[in-house]
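**Student:** The chain contents come next:
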Amino acid sequence: MENYIIEMLHITKEFPGIIANDDITLQLKKGEIHALLGENGAGKSTLMSVLFGLNQAENGEIRKNGQVVQINNPKDANNLGIGMVHQHFRLVEIFTVLENIILGVEPSKMGFLEKKEARDKVVKLSKQYGLQIDPDAVVEKISVGMQQRVEILKMLYRENEILIFDEPTAVLTPQEIDELMEIMRGFAKEGKSILFITHKLNEIMSVADRCTVLRKGKYIGTVEIKNTNKEELSRMMVGRDVNFTVEKKEQQLGDVVLEVRNVTVPSRISKKDAVKNISFEVKAGEIVCLAGIEGNGQSELITAITGLEKLSKGKVSLCGNDITKTNIRNRSKSGVSHIPEDRHKHGLVLDYSLEENLILQRYWQPEFHRQGFIKKQAVRSYAEGLISKFDIRSGQGPVSIVRGMSGGNQQKAIIAREIDKEHKLLIAVQPTRGLDVGAIEFIHRQLVATRDAGKAVLLMSLELDEVMDVSDRILVMYEGEIVGELNPKETTAQELGLYMSGAKRNTVKEKEYAE
Amino acid sequence: MQNNQFSPKLSKVLKSKGLSAFAAALLSIALGLIFGFIVMIIAKPENSWYGFTNMLFGGFGRLGDVFYFATPILMTGLSVGFAFKMGLFNIGASGQYTMGMFFALYAGFMFDLPSGIHLIVCILAGMIGGMLWGFIPGILKAFANVNEVITSIMFNYIGMYLVDMLIQQNATMYVSSKTRTAYLPASAQLPSLGVPDSNVNISIFIAIFIAIVLFIVLNKTTFGYELKATGFNKNASKYAGMNDKRNTILTMLIAGALSGLGGAFAILAPSTIPGSSMTYEPINVIAANGFNGIAVALLGSSNPIGIIFSAIFISHIQRGGTIVSSFFGYKPEIIDIVVAVIIYFSAFAMLMNANVAKMIKKRRLAKAVQSINSNQAAADETPQDKKEA
Chain A
4 MENYIIEMLH
14 ITKEFPGIIA
24 NDDITLQLKK
34 GEIHALLGEN
44 GAGKSTLMSV
54 LFGLNQAENG
64 EIRKNGQVVQ
74 INNPKDANNL
84 GIGMVHQHFR
94 LVEIFTVLEN
104 IILGVEPSKM
114 GFLEKKEARD
124 KVVKLSKQYG
134 LQIDPDAVVE
144 KISVGMQQRV
154 EILKMLYREN
164 EILIFDEPTA
174 VLTPQEIDEL
184 MEIMRGFAKE
194 GKSILFITHK
204 LNEIMSVADR
214 CTVLRKGKYI
224 GTVEIKNTNK
234 EELSRMMVGR
244 DVNFTVEKKE
254 QQLGDVVLEV
264 RNVTVPSRIS
274 KKDAVKNISF
284 EVKAGEIVCL
294 AGIEGNGQSE
304 LITAITGLEK
314 LSKGKVSLCG
324 NDITKTNIRN
334 RSKSGVSHIP
344 EDRHKHGLVL
354 DYSLEENLIL
364 QRYWQPEFHR
374 QGFIKKQAVR
384 SYAEGLISKF
394 DIRSGQGPVS
404 IVRGMSGGNQ
414 QKAIIAREID
424 KEHKLLIAVQ
434 PTRGLDVGAI
444 EFIHRQLVAT
454 RDAGKAVLLM
464 SLELDEVMDV
474 SDRILVMYEG
484 EIVGELNPKE
494 TTAQELGLYM
504 SGAKRNTVKE
514 KEYAE
Chain B
102 MQNNQFSPKL
112 SKVLKSKGLS
122 AFAAALLSIA
132 LGLIFGFIVM
142 IIAKPENSWY
152 GFTNMLFGGF
162 GRLGDVFYFA
172 TPILMTGLSV
182 GFAFKMGLFN
192 IGASGQYTMG
202 MFFALYAGFM
212 FDLPSGIHLI
222 VCILAGMIGG
232 MLWGFIPGIL
242 KAFANVNEVI
252 TSIMFNYIGM
262 YLVDMLIQQN
272 ATMYVSSKTR
282 TAYLPASAQL
292 PSLGVPDSNV
302 NISIFIAIFI
312 AIVLFIVLNK
322 TTFGYELKAT
332 GFNKNASKYA
342 GMNDKRNTIL
352 TMLIAGALSG
362 LGGAFAILAP
372 STIPGSSMTY
382 EPINVIAANG
392 FNGIAVALLG
402 SSNPIGIIFS
412 AIFISHIQRG
422 GTIVSSFFGY
432 KPEIIDIVVA
442 VIIYFSAFAM
452 LMNANVAKMI
462 KKRRLAKAVQ
472 SINSNQAAAD
482 ETPQDKKEA
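As given, the protein sequences belong to chains A and B, one line each in that order. Residues 4 to 518 (my numbering) are what the first sequence spells out, left to right. Residues 102 to 490 (my numbering) are what the second sequence spells out, left to right.
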């Protein structure tokens, strides 16, 4: 008999209108890295929330070392040695790294905090596993990568032996992902057991020992990674063959749609400029990609183009009309569609229903209201049209509250809304962040279809694959400047990496634009 | 097994958002009543039961007064609740209420207009007074990002002292021998509903009508859509190109108008003594009706229809309290405490709302898991023994 440290047997969990987990079995061996693979809404997060005590299953049982255990809340899970790094970090932003790590299990003597002791333990752990942190830095000021290391240290500090990583690489740069993989291998070597939730096949192939696949709430199978390949995994996950290459038609370049001239944007956090005197243009019928490592001014440049933040110098024009000082509503009216970087912060009103979110950019159009009164029927039928056209899945259709929908379907809702709206320019900021293969394929096809329909697409992405596959032209940003313009057909990922890290630059284009 | 039959029904009921809010409100009220009763037992044990029952049911004998006193807190409750929906905390309902009252009084005394028109002018004046006091914090919030809580608290004091000063300086309005305002001309008074020994007048119907209009505005119009979107997620409303500044000012204007109308409705009421009217005593006290509006809004979950009922309930308890303090030997202060305890617990409705559904659900689950486990415990013993052996 195999030695399983954690077994989840025949787990069934129902939510109103949807069976999130239908008789699912997951068995984790001691010291292995076990990947949990599935599309958005396949039930991965629900299964993990059952294991972590955030939800209780209607049916099925959880065993640890062969004994049935009951997990009613995260505290129970913690007592059993189960720790979790959530996709959206659970950190107190104004606390220091150290304070966050010891939060809830602070060592104290007579009610006074024993920080020294805690600090020594944290420093020792971070050295032991190569998790670089600054214990005294305030969390809101450190990078996303370090925040994740803090989350990992939280688990280690609590001496957890079963570590759950919920889509840990979604927020990381390529280099950080490599580091994380290395760290995970180290844990496995130390005898810790790892559950790795993801939908990135490359990562599974490189780091996992075994993989359990879920689809639409059902258990599909568990496979040994050394006996399988990417194609088989994706077939198990999606239920059909997936096309990894993005098919594009011959490019039909049109007139200039977006023109950015000498734009400078101040930084939100420091006194330096985040974007320094940038000029470029996007023509109809092309996908221009802003590439670069996170935090090199791409986000700020996008906010200046969309009007969310003010720019300090320069000019932005749409089809020859200056829109530098135009407000957001009028930019939207004149043909700017925007898939925002943070779908929870900007893209959606999470407490609104799906149909209410689908009209977020259009509720003011005569189609949807009569003298200020919303036409409920028109909204409903419009929403139903988009839901079926873009295959947005949710528990209760148009009236589902968006907060309860899976990340991929939330993103699909935004994309449906922005693409269906009349537009000349589509700005897509990390549109596939945190999404699975099926959804990514779908979104890439939508972007290409938009381009083929003669619209201009400005794509900002941190994913090298996406940059190379989807775009017609790549602009690399480094420290607030465009350091290179590349043709994805003529360049390699390695060369792109050199530009992104600032090792190589080419400023010819910029000079041409200078006035 | 019984559990299983019960739970689907229960979960269906709990799914409805309005119902769980209603259940939470009822539960908070029940808790408040229990604590109120305890306070009464401590204060005067021998009369506590009669006192308590009179507090609960005494209001039914004075329905007219219940509705008269419900009107102003219904309006301030709507004011606070409406601003809540946009994420603004209008703690300045008192100041707006006081300004509304003063403007209505001023129009009542100083304008000589034909009856019919005079009353309407007075009501509108009250509305404008309240709007003015909502407008200034709104402008400051929109353009200088000054927290509306701070400005509107300050405006409570500014409004109160300003009104008291202006009234005392005005010989037509103020009767210094009585330290109160004079009786309003009949043309400026709201038509009474003719309930004996009560000031109840048509304004309760106007207030309920306004609540229904607000409900429609919030749920059926693009303005309500924008407002709630801003309240839920300010960043998303900005991203969608909604005019945050305009909406902030508009919301505070409307909130002010509602409180101002509350002040006007309170002061333009006829009195039970023929020929007289309600009067105002400028004694430098901030209008309690403004703060009660916060409790009313919380108890009603900021829903205009809920606020109608919560205003009537709080007014009912207050009327009961007045009876108890006059007939059962309780000091008025004790009664104030009891009423405050009930209102205080009622304000927990917001908190309870989220927890009630969870609590019931959890208990149900715990029971289910327990029964599964006890079944399993028996089944599991055998394989475990094998392993160890």
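No lab work stands behind these hints: they were computed from the structure. Be careful, since some hints might not be right.
Beta-carbon label-pair distances, calculated as ranges [claimed, not checked]:
#	chain 1	residue 1	chain 2	residue 2	range
1	B	A245	A	R383	38 to 46 Å
2	B	K339	A	P369	19 to 27 Å
3	B	I221	A	R383	55 to 63 Å
4	B	M255	A	R332	28 to 36 Å
Using N, Cα and C, we set each Cβ at its ideal position, and we do this for glycine too.
**Student:** Which numbered hints does this structure break?
**Tutor:** 3
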